[in-house]
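Respectively, the protein sequence lines represent chains X and A.
For the first sequence, the working numbering assigns the number -1 to the initial residue and increments by one for each residue that follows.
For the second sequence, the working numbering assigns the number 82 to the initial residue and increments by one for each residue that follows.
Source of the hints: derived by calculation from the structure; they are not laboratory data.
No experiment lies behind these values; they were computed from the predicted model shown.
There may be inaccurate statements among the hints.
Stated by the list, open to error - A few chain A residues that don't get close to chain X, going by computed Cβ distances all over 10 Å:
hint, residue
1, S198
2, E260
3, R368
4, T381
Claimed, not checked - Taking CB as the label site, the calculated pair distances span:
hint, chain 1, residue 1, chain 2, residue 2, range
5, X, K44, A, T315, 42 to 50 Å
6, X, W139, A, S134, 20 to 28 Å
7, A, R144, X, S58, 26 to 34 Å
8, X, H144, A, L255, 33 to 41 Å
9, X, N266, A, R465, 51 to 59 Å
10, X, N103, A, K341, 32 to 40 Å
11, A, A121, X, W139, 38 to 46 Å
12, X, G265, A, L305, 38 to 46 Å
13, A, D476, X, E95, 30 to 38 Å
14, A, Q343, X, A269, 26 to 34 Å
15, A, A101, X, E41, 49 to 57 Å
16, X, E95, A, A101, 31 to 39 Å
17, X, H144, A, A121, 48 to 56 Å
Ideal placement from N, C-alpha and C gives every residue a C-beta, glycine not left out.
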Amino acid sequence: MPRVSIVIPTRNRAALLARAVSSAQQAGSDLEVIVVDDASADETAKLCASLPAIKYVRLSSNQGLSAARNAGIAASLSDLTAFLDDDDLRLPLMLDEQVRQLDANPAAAFCYGRCLIADARRQLPTGEVYPNPCIQGDVFWTLLEHNFVPMPTVVARKSALVQHGLFDTQLNAVEDWDMWLRLSERNPVTAVDAPVAIYRRADSESGQMSQDSAGIFRSKLQVQARALQLPRARAASRSKRRLMRRRLLARAYSTMVHEATNAISDGNSQAAREKIQQAFGFRPFRTLASSHSWLLLPQR
Amino acid sequence: MCYEGLHHTMKIALCKSYFAGPVSGADETLITYAIQLRRAGHDAHVVLLYKYSESDRYYQRLRRSGVPIEYVIERSLVFMLLRGLRNCVSGIVLLLCLIPRTSGHLRRIWQILIDLSTRLHYRDCKTHFGHANYDLLHVFTPDTGTTLIIRTGHELGIPVLYHEMGTPQYLPPLHRYYERLKTVLPLCTEVAALSPRLARQWLNCFPFLNSVSVLPLITEDFELVQLAPSLRPTNEIIFGYAARIETGKGPLVLVDALAKLQEQGQPSLIRVAGTGPELSEVKRRLRELGLSDAWEFAGTYKETLGCTVFMRSLDVFVLPSFAEGTSNSVIEAMAHGLPIVASDVGGLRDLLPPEAGILVPAGDSAKLAEAMQRLASDPELRARMGKAARQRYLDLFSPNAVLPLLVKTYSRVLGATILNGPAPESANGAHPWEICENGKHSRDTFAAYAPTDFQQAFDHVGASIRVSPEIVLADNNGGG
Chain X
-1 MPRVSIVIPT RNRAALLARA VSSAQQAGSD LEVIVVDDAS ADETAKLCAS
49 LPAIKYVRLS SNQGLSAARN AGIAASLSDL TAFLDDDDLR LPLMLDEQVR
99 QLDANPAAAF CYGRCLIADA RRQLPTGEVY PNPCIQGDVF WTLLEHNFVP
149 MPTVVARKSA LVQHGLFDTQ LNAVEDWDMW LRLSERNPVT AVDAPVAIYR
199 RADSESGQMS QDSAGIFRSK LQVQARALQL PRARAASRSK RRLMRRRLLA
249 RAYSTMVHEA TNAISDGNSQ AAREKIQQAF GFRPFRTLAS SHSWLLLPQR
Chain A
82 MCYEGLHHTM KIALCKSYFA GPVSGADETL ITYAIQLRRA GHDAHVVLLY
132 KYSESDRYYQ RLRRSGVPIE YVIERSLVFM LLRGLRNCVS GIVLLLCLIP
182 RTSGHLRRIW QILIDLSTRL HYRDCKTHFG HANYDLLHVF TPDTGTTLII
232 RTGHELGIPV LYHEMGTPQY LPPLHRYYER LKTVLPLCTE VAALSPRLAR
282 QWLNCFPFLN SVSVLPLITE DFELVQLAPS LRPTNEIIFG YAARIETGKG
332 PLVLVDALAK LQEQGQPSLI RVAGTGPELS EVKRRLRELG LSDAWEFAGT
382 YKETLGCTVF MRSLDVFVLP SFAEGTSNSV IEAMAHGLPI VASDVGGLRD
432 LLPPEAGILV PAGDSAKLAE AMQRLASDPE LRARMGKAAR QRYLDLFSPN
482 AVLPLLVKTY SRVLGATILN GPAPESANGA HPWEICENGK HSRDTFAAYA
532 PTDFQQAFDH VGASIRVSPE IVLADNNGGG
């Protein structure tokens, strides 16, 4: 029985899938790779048939990322499960290091690591490394502020995933943050303070889900609101819970302003206007006081 | 280590006004010196005039390395009032900045107010350094509090080593700092520059100084990191640029050079690490020339891991600046074994002999493109030059090369002689840039320095960068 199962959900990205699978197979010494095909219409099935030593699971209809991951967990034989998106890559042999970390910390629900951020087109690392630092132990309150756990770096205990209800299939985005919050509420977390994976950053042409930042932050606010109803959060003071929400709103605002600034430097004033309007939705008074507030004026 | 006249280890204070981050060459230098000195067993402390922020990454690096960090002024009421006033009138300031040249005037007024507020803390400075019993103050770069720290050291009889991080071809906003620096440099025991060429240039700028010594940057070597293969086309050459995106660093020259490279049919990608005030203009020019697909803004790397990951993705490193000291990013690229194409400015000629890099006139996009094409079309040349660049880094900037020179400099500043055994030497003998007391080089000779008309190059791209008349004169005379 392999020690770790790497679950790779995929849909209509056969061109990138082969590299993801190859990197997964080199990530450790004792593992199985499970590709969960979320009803792809391209040549994914044909490609997977040609790939050696993988387990192929096909969903009969498009059910979304969470359902695909849950299907992968169900199909796995190992007691540890890692996750990798089809456009990301695992770094060689780092999975073994994470397994050692979990063996040394039997109470930890999952182990994560650092991630190299790569550009969308060539998957060349940009030099950005996330997160910094890698905090361990009781991370629940820090995690409630923002999700610092990169998905392609996680190795989780299957028993913990099952006990906490697997990934929520009702969530289309930030379903991973929701899962990590539920896991970390009552369990410590461990980490490897070194790069273990490469995350492909979204751009306007990459087709990745993580482009609509405002939509992502709205989902995050919903996930945070749910997590603040967990018993441990409810036991904390109201001011502490409100502080978490304010901090997330502040992050949303900063991201929108940053994207508006980028849009201005790209010469795209329409996009900049939209970003500032979205920023207004998160922090209206701060937006009015900012130097970008003129973008809220009606366009002539 | 015992010194005649001293019966304890040297207690060194590496001083600066504040961390100017998030990415600052001078901060990086100070931190690296402190960490390396500490690792080698010396009693090095970092002393800031103003209190650091605990979320500052340089502070965190020092903490992790066990280097003690102190500050003189915890809270400057005057500075907080000034900053609050500035925030209140920020809207008015923004409008005023639309009037030509007003932003320059406003910047000067702000600098004057900050300088005045800093001088109010002279007594705090004297108290702190008076109690701390430092043997030597090693002061970096001319910023707000530099003159205050130097004056305090002089008043208390503590030897002061001033370390100039830049070049006489500085940008106009820095002029005020250098004018004030001239008034306190005679109070310093020794003044150091980053390379022999820069030492000669500063000596010409400050004729009241008898000599300027050389203290190079220390750059720690980089660990190998496992990476996965990328999706790059096999015949595409990747050029890297890591610097602030501002006129003085020549990004627009690089855009023009890329256009010429594309005309010659060379598949190329320029990867840029950094951001800055010229970002919009660079993007506009790229769109105008249809080069957006051959250019990637890779963000900003903030740590050594990020640096090595970025550098390892490159084939050639390019820096077409108009003014440089000894560029941190060029040294980092050399440490990674990359061939370099750079402008022949500042101290870069000291870093890059012809076998390790190609130097081109500042502002000349045609020559820049020619150099880039030469490297793009010859993989053996790239490999050879990369290897030579790596060796040059080991000889000039590695901790093993620089630390003995640093300790020798400290002991010379202290006027002490080392009693226990011979003077510290690196495994390869004296540092190639070690300068004897009269300012002459002990080793390493240079080809005659061909003067470059910097002002003409600046005008060509519409920049308004001041050129020190002293330095042009010095170069026309062929240097030291």
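* Asked: Against which earlier hints does the structure fall short, listed by number upward?
  -> Hint check: 3, 4, 5, 7, 9, 10 and 17 fail, others pass.
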